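S.K.: Given the coordinates of chain A, assemble chain B onto it according to the supplied hints.
From first to last, the protein sequence lines are chains A and B. For the first sequence, counting from 1, position 197 maps to 218 in our numbering; every step adds exactly one. For the second sequence, counting from 1, position 100 maps to 121 in our numbering; every step adds exactly one.
Misleading hints may appear alongside valid ones.
One copy or any two copies: either way a pair holds, since identical chains are not told apart in the list.
Claimed, not checked - For lysine to aspartate or glutamate, the following DMTMM-like pairs were computed, each having C-alpha atoms within a straight-line distance of at most 25 angstroms:
#, residue 1, residue 2
1, Lys55, Glu200
2, Lys273, Glu232
3, Lys98, Glu177
4, Lys55, Glu95
5, Lys214, Glu272
6, Lys220, Asp209
7, Lys83, Asp201
8, Lys192, Glu87
No wet-lab data here; the hints were simulated from the structure. Bear in mind that the values here come from a model prediction, so they are computed numbers and not experimental data.
Protein chains: 2
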Amino acid sequence: METVRPLVGIIGGVGPSAGLDFMRNIFANTRAVKDQDHIDSVLISCPALIPDRTEFLLNEGKPGYENPAYGMFECAKRLYRTGARYISVACNTAHADHIFTPFRALVEDSLPGVIIINILETCASHAKETGAKRVGLLATRGTYKSRVYHEYFTAEAGFVLYEPDADAQGKIHAAIYSEDFGIKAHPDPVTAKAKTILKDEIARLAGQGAEALILGCTELPLAINPSDSPLPLLDPALLSARRLIRLSSPEKLIP
Amino acid sequence: METVRPLVGIIGGVGPSAGLDFMRNIFANTRAVKDQDHIDSVLISCPALIPDRTEFLLNEGKPGYENPAYGMFECAKRLYRTGARYISVACNTAHADHIFTPFRALVEDSLPGVIIINILETCASHAKETGAKRVGLLATRGTYKSRVYHEYFTAEAGFVLYEPDADAQGKIHAAIYSEDFGIKAHPDPVTAKAKTILKDEIARLAGQGAEALILGCTELPLAINPSDSPLPLLDPALLSARRLIRLSSPEKLIP
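Next up, chain A with everything else stripped away, as it sits in the complex (with noise of 0.2 angstroms):
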């Protein structure tokens, strides 16, 4: 009979990086003044076993093209081995129906008294608390294509999501994704391409109405700071690593 305090677990590795950053986020938002009073957490990062996400949801249907909710349960079942019941997946894009309803009907099969905190779920819930209706997206190319935040962003709850235009939709599809400049290749220190590039489309966003910008790619918050941004942030991943806290250890949340 083991009695284990039950863990955090963060699906990682979509991509690695993004991964870390859902883990820092835990640890600095976490009351701690020596090591053991920070929480129990465990991040798995398999993305061998998770095909890309946008690329699934751009060809879902062709041959060769596997849901990346197998293998995302394939790292929960690990994490569940662990001790881990709060689990978070570290990738935007792996929140759109089509991947996390399979994900989550297979964990709720599968793997008793686990609670999924949905990053997408979390973040929309949290832009209706604060008051925000218009909200600017930045995101891979995928997500927009996804059309994975107006699952969340609904009309109904009142929201209007802003998005740029195609032609920088691309240029902020490189700045993440760039071999020679983008964040997931170079995210530390992150380029100033990236950077720019990034900062320009915030700028754009907020001139047109947005109240709020969503950093809707977990790579995003390792170029954007709250002083880069006119607006306030959105931030999915510190949002839910937030949420993860209140769960598991009330008292130790940071206000």
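M.R.: This is chain B only, laid out in the frame that chain A set:
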């Protein structure tokens, strides 16, 4: 029939940031242009299971001071269940003989197929390969006091460890721990004051004849780059991350 590729497992939480930094070293030293190129890895951070290592070493045998080896072993068991087979502990002081030897024995008795990469042994082997014998040590007061580096950089192996005097050790400790200017409180950017203290001590150790410099605290690589030091740097976490990649996926190690 599972044919799981062995994962790299890191016992973190000691402290939490050191665990993250270890994972960051793994990712940064892996040849990867897309997420899926990264190696499978897992970080467990259960700091409440692992008492303070320095406190234990200074009070061994007194009631109330449990050997951190047991908590480290509990973490290793959990990592094992995820498929981890190459395991390191992201804490210098945890490698003191009175902690690491019982930890290793527990793992060897119960977790077949696990290879433990000892980060201090790795650091000493690397120093030996480079031909450095007179080695300076920058560390926290607890690490100096524990004399854990003397267990690996032994006189029998031809090493001479250069340690700063008590006064200088106090300054280095402050450069790491001071709330006003220390690296733990101000990691990004590191303060000029912390950096100056450390560079002065490196210069002094070099002047005394040190041929290489151990970054014997996981905060130090945030402040000291190769360009800041007239001496080659020995970073146990970085060297061990590279050794873990070499074990797991040798073709992916960045030269």
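S.K.: Look at each hint and say if it fits the structure.
M.R.: Each hint tested on the structure:
1. Lys55 - Glu200: Cα proximity of lysine 55 and glutamate 200: across copies only (9 angstroms, versus 39 angstroms in one copy).
2. Lys273 - Glu232: neither (30 angstroms within a copy, 44 angstroms between copies)
3. Lys98 - Glu177: neither (34 angstroms within a copy, 47 angstroms between copies)
4. Lys55 - Glu95: between (33 angstroms within a copy, 20 angstroms between copies)
5. Lys214 - Glu272: neither (41 angstroms within a copy, 30 angstroms between copies)
6. Lys220 - Asp209: both (17 angstroms within a copy, 20 angstroms between copies)
7. Lys83 - Asp201: neither (30 angstroms within a copy, 57 angstroms between copies)
8. Lys192 - Glu87: For lysine 192 and glutamate 87, the Cα distance exceeds 25 angstroms both inside one copy (28 angstroms) and across copies (55 angstroms).
Consistency with the previously given hints fails for numbers 2, 3, 5, 7 and 8, ordered from lowest to highest.
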